[in-house]
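Colleague: On the provided structure of chain W, position chains R and D as indicated by the hints.
Chains as they are written, first to last, in our numbering: chain W, 100 to 291; chain R, 262 to 634; chain D, 1046 to 1383.
Everything labelled a hint here was simulated from the structure, so no lab data went into it.
Heads up, some of the hints might be wrong.
As the list claims (entries may be wrong) - With a cut-off of at most 20 Å between alpha-carbon atoms, the simulated SDA-like pairs for lysine to any residue come out as follows:
no., chain 1, residue 1, chain 2, residue 2
1, D, Lys-1178, R, Pro-281
2, W, Lys-290, R, Pro-281
3, D, Lys-1178, R, Arg-291
4, D, Lys-1076, R, Leu-396
5, D, Lys-1178, R, Val-295
6, R, Lys-465, D, Asn-1356
7, R, Lys-475, W, Phe-282
8, R, Lys-564, W, Asp-176
9, R, Lys-459, D, Gln-1350
10, W, Lys-287, R, Met-318
11, R, Lys-317, W, Phe-289
12, R, Lys-326, R, Tyr-428
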Amino acid sequence: MMLAKIKEALAELYEEIPAAAETAAAEAVPEEAAAEQADAAIPEAPEEAGTEEEAEEPVAPPGPKETDYVATGYHLDTALPPEKIVAAVEILNREDFFLETITGVDWIDAQQLEVVYDFNHFDENCRVVLRSMLDRSKPEIPTISDIYQGANWHERETHDFFGIVFTGHPNLEPLLLPEDADFHPLLKDFKA
Amino acid sequence: MNGSLQQDLNQETFTLNLGPQHPATHGVLRVKLVMDGEYIVEAEPVLGYIHRMHEKMGENRTWVKFLPNCGRMDYLSALSYNHGYVAAVERAAGIEVPERAEYLRVITVELNRISSHLLWFGAFVLDLGGFTPLLYAFDDREQILDLLESVTGSRLTYCYFRFGGVYNDIDDAFITGTREFIKRLRKRMPMYHALVTKNIILIKRLKDIGPISKDMARRYGATGPVARGSGINFDVRRHEPYSVYPEFDFDVPVYEEGDSMARYMVRMDEIEQSMRIVEQALDKLPEGDIQPKKAVKLVKPPKGDYYQAVEAARGSFGVRLVSDGTNTAYRLKLRSPTYSNLSLFGEASRGMLLPDALALMGSLDLVIPEIDR
Amino acid sequence: MPEPFRVILFIIFVMAFAGLNAAYLVWCERKGAGHIQRRIGPKEVGPFGLLQPLADGIKLMTKQLFIPKGADPILFMVAPLMVMVPAIMSFCVIPFSETFVAREINIGLLMIFAFASVNVLGLLLGGWGSGNKYAVIAAARCVSQNVAYEIPMLITTITMVMVTNTMNLNEIVRAQAGWFFHWHFFRLDISLLMPVAFLIFFICSLAETNRAPFDMAEAESELIAGAYTEYPGMGFGVFFMGEYANIVIGCALSVILFLGGWQSPIPFNPAGFIGVLWGLFWFLLKLYALIFTVIWIRWTYPRTQFYELLNLSWKVLIPFSLFNLILTALQIKIFPWL
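Here chain W stands alone, though its shape is the one from the complex (with noise of 0.2 Å):
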């Protein structure tokens, strides 16, 4: 039922999407269209995603994508631009959803970083994850600190070990490094 829901909700993210973008989100290599689209999208950033219209059931691989749960563990993937995240983030946090986590990967020989997002929901067995790509040379994604305070820490530590950038953190020194640390362990590069 909430993974119904909160898919649909989801999807209707993609509509907005242009399409230069929508085929960079499939092929997960953003780079150039969302280093062009951070500029023009962003302040025309959805807040109010979920409009009357019903969304149609994407059927091309953009949008949010059901998951074998019990082969991976979580019911919805979704792989968004990074500024549409706080816009996802938004209707999750409308549905009561909760952060479980924030975390990094490294994808070292695609040359960039991606920043998981896990969801929970407390009533319902439903996890959502949001996923988006980083050019590893320069990245940057808006915080959603503001939205779920607990995302402070975990982009704290996101920034810690990747040295991703949350634009807009309030606070986004070392958390669980020294407070003077200046290399970002998780990175595949990382020589101690």
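Modeller: Coordinates of chains R and D only, in the frame set by chain W:
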């Protein structure tokens, strides 16, 4: 009082450094407090004093070799961590677990949960200035450690679970010992309630102290007894059943008040529920293997990412694996429950008196190595 | 025995008593705590660990008397003495037995209270002089606590002075001669609230001496060691001797005012030297029974909150002790023959 005068008074604050060595932080947690007299204006936990980068270790050693690391994060409920990691890898690699092994996992994990809650009970009352319950709780906990030692071979940092099963079978001595222990603890719990729970000083120190609302728990991602003390009926064992938990009849204690007393009561009730689970598991314990017939030699989960959550003593412990198809993890994220639970301390403790804030902190049941990982 | 000689002898006795008492109360406390907590307590040094206090003393004395940076050295060193000296001074007027008292002065009760209030000054200076925030918080708590609890304690004492018409401690004890029901604790004919008065007095003496559940000045799980946080070696040791001496004074006053002091529970009082020992025996028995209660409470209850502590004093103890004062005054006025 007019606004400007209030502001002037508020400026007379000072910074108090609580920790990293402080009796109430149970380890090396440091909290930077901005105080106005004895009132807390702002509290900022400072972490990382025993950060060991387990996640990097996970990327550098094979799946099997990471097993002992699990017991070294939450050293008080190490078996839950074992369980979370093992179950995640089993999900990723598609390893089947014999039923008997699952039962043994549940029995040991629940015993471990009882021992963790007992220790918390003692240490929490110690935080409030009552010394004696700690020693009684240790006395009971000692029995569990003896039992678990006879099966797992260690007393604290267990490494008992293997991919596809467990390392050692239990014997009759363990079964009778466990039953005796449960009988004994059932007799002792009323004593704890009579001497500690109903103590007027304790009630006054916990009732309405450190309220955490449902919404606050959600915004910070609090799980486990902290969430259940705030009226959220969320227990991974029920919510997202794993292992053989669906086969047992147990209640999830939920208290609506959201204060420290509610969290205290949740844990005390959970001890009883865990005892029920252990009893049922011992009754139903099937015969059979404790490891797959074909031993799991080489673990190479297919490419992809996987998530597995278990209910540790402190809340939902999650493992997020990213596998690239080799015998080591590409990325291993460990979601520790107290990390989220502690993150709400700053907001929840605002405006509280120092001793009350410490009661709140104690009721969050912090284990620092688990937060820092 | 010539008077000056006797006084010197008694002063030596009092100092030895205070010192030994502190040392062995620590032993009692640890042993008692041990048994309350299902363990044995000290047992290695000497038989039953009886030499443990000696070992502790040696350890404390051999430690460096370190004055932390930022502390006020003079206040820091003076504070422990300001806790201990007045406590020992108070011993001079405590009647251990009818004739076994260093100096029987007719304002003994007043003198003890005068000296007892120096104690809090010592803790305040120690906390302030340490230059440690925890110690300063503890010092501030300590002052408000002592101010709050001195009031009901003094009101209760005034009640007792009204009943006995004297401030001479020995006279107060003599007024309770005879059977045990002549002790003030049981004299409901003087005041219906006598047991309540005793309870108030006992609670106040717990609070005045900073004992659990009112150990706000130490509060080890909140303030590390409160006012003592920065004290090393014997500085800490002297504080502790003062603490324990204060506990003894508090309990001794409770015994003298309410439980008949050195009076035995039956009207049997041998004469001469035996009589002195007989009185001493009963006094110490009652004294240590009360001290044991203090230890027992400490190892049983959690600590109260600070505001609960103050609420208890201002909202419960002070009204009750005032009511008791009025009731006793009325009773004395209406039934003057009692």
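Colleague: Next, verify each hint and record whether it holds.
Modeller: Against the structure, the hints:
1. A hinted pair counts as satisfied when its Cα atoms are at most 20 Å apart, and D:Lys-1178 with R:Pro-281 qualifies at roughly 15 Å.
2. A C-alpha spacing of about 29 Å is found between W:Lys-290 and R:Pro-281, which places the hinted pair above 20 Å, so the restraint is violated.
3. Among the hinted pairs, D:Lys-1178 with R:Arg-291 is consistent with the structure: their alpha-carbon atoms are about 16 Å apart, no more than 20 Å.
4. A threshold of 20 Å between alpha carbons decides the hint, and for D:Lys-1076 with R:Leu-396 the separation of about 15 Å falls inside it, so the pair holds.
5. Under the criterion of a C-alpha separation no larger than 20 Å, the hint pairing D:Lys-1178 with R:Val-295 is consistent with the structure, at around 12 Å.
6. The suggested pairing of R:Lys-465 with D:Asn-1356 holds, with an alpha-carbon distance near 12 Å, which does not exceed 20 Å.
7. Using a Cα cut-off of 20 Å, the hinted pair R:Lys-475 and W:Phe-282 is violated, with the two alpha carbons roughly 37 Å apart.
8. A threshold of 20 Å between alpha carbons decides the hint, and for R:Lys-564 with W:Asp-176 the separation of about 15 Å falls inside it, so the pair holds.
9. Straight-line distance between C-alpha atoms of R:Lys-459 and D:Gln-1350 comes to about 17 Å, which keeps the hinted pair within the 20 Å bound.
10. In summary, the hint linking W:Lys-287 to R:Met-318 is supported, as the alpha carbons are separated by about 12 Å, within the 20 Å threshold.
11. In summary, the hint linking R:Lys-317 to W:Phe-289 is supported, as the alpha carbons are separated by about 10 Å, within the 20 Å threshold.
12. Taken as a hint, the R:Lys-326 and R:Tyr-428 pair is honoured in the structure, with Cα atoms around 14 Å apart against an allowance of 20 Å.
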